[in-house]
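**Student:** Dock chain one against chain two, each of which comes alone in its own frame, and use the hints as you go.
So the protein sequences, as listed, match chains P and U.
Oh and the first sequence: position 316 is 316 in our numbering, straight run, nothing missing.
Oh and the second sequence: position 21 is 21 in our numbering, straight run, nothing missing.
It is possible that part of the hints are untrue.
In silico DMTMM-like links for lysine to aspartate or glutamate, alpha-carbon gap of 25 Å or less [claimed, not checked]: (1) U:K226 with P:D206; (2) U:K175 with U:D259; (3) U:K269 with P:E66; (4) U:K269 with U:D259; (5) U:K175 with P:E72; (6) U:K226 with P:D227; (7) U:K264 with U:E171; (8) P:K171 with P:D3; (9) U:K226 with U:E236; (10) U:K269 with U:D179; (11) U:K269 with U:E172; (12) U:K226 with U:D134; (13) U:K269 with U:D251; (14) U:K269 with P:D206; (15) U:K175 with U:E88.
Derived contacts from chain U toward chain P, CB cut-off under 8 Å, selection only [to be verified]: (16) V24; (17) P35; (18) R85; (19) F99; (20) P135; (21) T136; (22) C145; (23) C146; (24) W149; (25) Y199; (26) L219; (27) G225; (28) Y228.
Every beta carbon over 12 Å from chain P, so not counted as near; a handful from chain U, in silico [as the list claims (entries may be wrong)]: (29) R147; (30) A245; (31) P249.
Treat the hints as calculated values from the structure; they're not laboratory data.
We treat Cβ as the ideally placed atom computed from N, Cα and C, and that holds for glycine.
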Amino acid sequence: MSDRMTIGVRPMLPGCLKHWHWLTAPVPAERLAALRIGTGLLLLLDVLLTYYPFRYDYFGPGSLAEPNVFIERLTSPHWAWSLLHWFPDVFTPDVTCVAWAGAALALAIGFFPRIAAVIAWAFAVSVYNTNAYLHNSGDLIRQHLLFFLMLTPCGAAWSVMTPAGLPRGAKASIYPWALRLIFLQLIVMYFFNGVYKLASGLHWRDGAVMHYVLHTPGWCRWSPPFDLPIWLTAGLSYFVLAWELLFPVMVLIKPARFWALMIGAGFHVGTFFSLEIGPFGLYALMCYLPLIPWEGKTARTDANKSDVAVAEYLECVPA
Amino acid sequence: MNELTGQAATNSEHPNTRRGRLLVLFVVFQFVVIPLGSYIKMIPVRMPPHHGELDGDLQTRVSEPSQCREPIQTIYDATAWACSRWAEVSGQRQGWALFVTFGDRASFPIVELQWPASEQRSTVRLSSHFEPDDPTNYFYWPEPCCRMWCYDNRMVLFHAALSRTMIPDAEEFRKASFDAVRSLRRSTSAYLRWKTDHYLQANPDVPPPEHVTLIARVLPDPRPGKSYRDRPAALEIPHARWSPARTIPPDEVPLEAWDPLEAKFVRLKISEPS
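Just chain U, same shape as in the assembly (with noise of 0.2 Å):
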């Protein structure tokens, strides 16, 4: 008899099993772990900061490390590492934040390819699938390619969420868009070398470019109270350029960066602090 249904016969095992007891350990830790893994994103923690590819994770660093209270410090750090490493192990990631900082732009990215003048070609523009031809007009359905869009997005981020007016000074500003290229080396130069290849492959007459740029193409929106069609007018900020033929020496970023003080293309240390 089930006692805590009273049906009769069920199949299923008595509780106190070993299976039974793990799950129900299981259980338990999962009704902490769920809302805990949220929370505790939102507790400062001694953690190191994060560079390299985004990793989407949300949490927040200690950023006086002195004045941290033991022993909740401690707990708080420990709480944050296991919650981080089950996530990654189970798949079961937490820190929601959905379209929290939606920004009041679009960002998408152009890659141009350019030749040597001795080739004689004019500058190809490949354009981004999802950026329409008329901002003010547009309309498409789901798309299978729909993925894309998280991977085009990205490469461009940094213009979509920052701008001079959010980092108003200018050296800050070229440190910061520096960062952002050498942080997403990895998948800028990966990305560039894919639409170069997608290229090359549809036009297989045509050689090997000998600079492959990433431009950001900024498309304002209008502000709240105007009228959607008073759109301001989109502005093109250079952002990185791969060189297919250059020889990277092992401690430099593959990309040369988009210096917005110098309006030049500068090569960058890997470690290089910033």
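Just chain P, same shape as in the assembly (with noise of 0.2 Å):
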């Protein structure tokens, strides 16, 4: 890192907060740039294939938002808010996709990229309160990734604009602290997930609910093809739920940490085409990106050590 410039504001944090490591050094500047770009491209996608072609079925006069359907998110008590609900006439279905995917495609090639994010991330949420039922908790995973990246210089690496003061060629780094939250962010979903499906789901703690996720049309994209045994169904979801749960503690131990974020990437990936949830494996799986050592420190690990070695390079946890 000694050849790094490091870019951005340094927080002053307080009290033991500042000696603590994790929080404070500064980390390449490739990891954040993987979440934007990864961030980016996956929102143009997004854009482009489940909403353009949908626009008028989605937002404006004769959709399935109007008129108002959503109009008391967006009234007191509530501070929700949404552009296209505001401007309704300079935000149309047509704008708002061209202006989201200009954003997102900004975002992914690093020009003004924190401009790009503010924009992503305003008609996100407006777009989020305009036609709530269009979407799913992936959406408001997209709304944090964006939120957090027009508040970071997460065009330092791998942009085509290259920060002020970083001289032509020269490496960058951060501080790590909107990494950090985003680390907390998936943490806290996965552990209140647990919690919740402990507290109040029956079908989780009887061990039935992988046999009805699995054998639900609609939810599930393909029908069993033979008959799965009651002991993998439940052992299925005793396993999600102790994943979820223990999920905190798990990346706390260096021998666990690799294994749960593998299992939690494998989740998302297999929930992606097994179940119709949209792309909110997608956007989750985006969460995991600032864990992969981007700037190359996997070349000069020793192919012969475990996984538990690799494991330390995913700097997402206090060592």
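**Tutor:** Next comes the structure, spelled out in structure tokens:
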């Protein structure tokens, strides 16, 4: 890291926090850049594939959002907002999709990336609040990611625009607070999912939930090709529940960290292809991108070392 | 010199600047609000019950306000209020409970268009794109129209989530059914109008229908231990009806709701207590 220039505002954390290496020591800017590019490209595909072809069905006069179907969330006592609601004549379905896709592209290539992130975030929130029933929790993750990207120097690496002050060819590092917050969000998401399932998920407690998930048309993209034994579906149910509840602990323990993250990534890939949850799994996978040593540390990793050693490079939790 | 890493010559700002101090406040706030925003949803607070379109808010409400302990309850109330408002402004909504109350059946919307007898037209049934022809043998890839599934699903979510088995009291079930129509009246009206418009655009020679009915087609799953081929028979439950030509009084729900006891559609007042 000694040949890198640190970009961005350095937070002066109070008390013991300022000595917390995990939270304060700069990390290679490629980690944040990977998040920016991944989120930008996924958002671009999302807008072009899942919104643009249906834009008149989803937004504007005669759509599923009109007249004022979701007005309750935009009025007192709520503070939710929507550019599409405030300026319906400006942000028509065409303008919304084109501007949003443009912002996603700019974010991906690093063209005024923070401004692009602001625009992309504003449209993500606006679209969510204008037609809430099109969306699920994956779109909330999208909003979280864009929110942090717009507040960070996400163009410090792999960007068409070189950050001010960074000499040509020089590599940058960034303060890691945003990446740590995204990881905290991931922990909170899994853990509270587990808590709610344990507290109020009847079929999670009796182990039947995966049987029902895999046998419910609409949610599941495929019918089981053969009878699934109860021990398998019950085992899967308890495995998912245990993984969600134990995730915060597993990422604190080095030998378990790698597997906790691998299970999570596998879980999102698997559910993307097997469940009707739209791009949820893909947006969740974006949260994993900053954990990968894009700056090339793995190239120096001894091939003979175990997975645990690789996991030590996943700078996600306190060492 | 960077005091944290020992590296020389950075262009990062010194922490003791206004931006640095603001950033500290923001980072600390985020470290608190991300877990707190989820945790507070599980703490009962004094908040009016939600009526209206589904908002997905998991906030637990106090059932007996008279038994609240002060001042801690006021602190809970204020925390829940602040977390909710922040989530709405920033888009950083918390409260993660995915697939928690997964039921034991699927429910798909069917929209039925009916014309007056004088038109001598057969009833048209518009099925959901996502309903498989054979629920024991199907497969499909992720599709661009995946977002429509979320909307379709919410239209008949009541019948996927609740049944007479779960609410044995007939009167209570009727009230819940009416409440579902009343709460989702805007989205259900928009959905029925949108489905009708699409049909009429594809069939320009067809006059507007007299009635447009939303039916829940419920596909119960086989019980655990049963073969995937042993699916119980599907059932269809009328849910709501829209009459495009009917003039709706301002205090009335623009849809008629299916009365499961009387087996007929009835009109509802918007403010009718349930």
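**Student:** Quick check: which numbered hints come out false for this structure?
**Tutor:** 14, 15, 25 and 29
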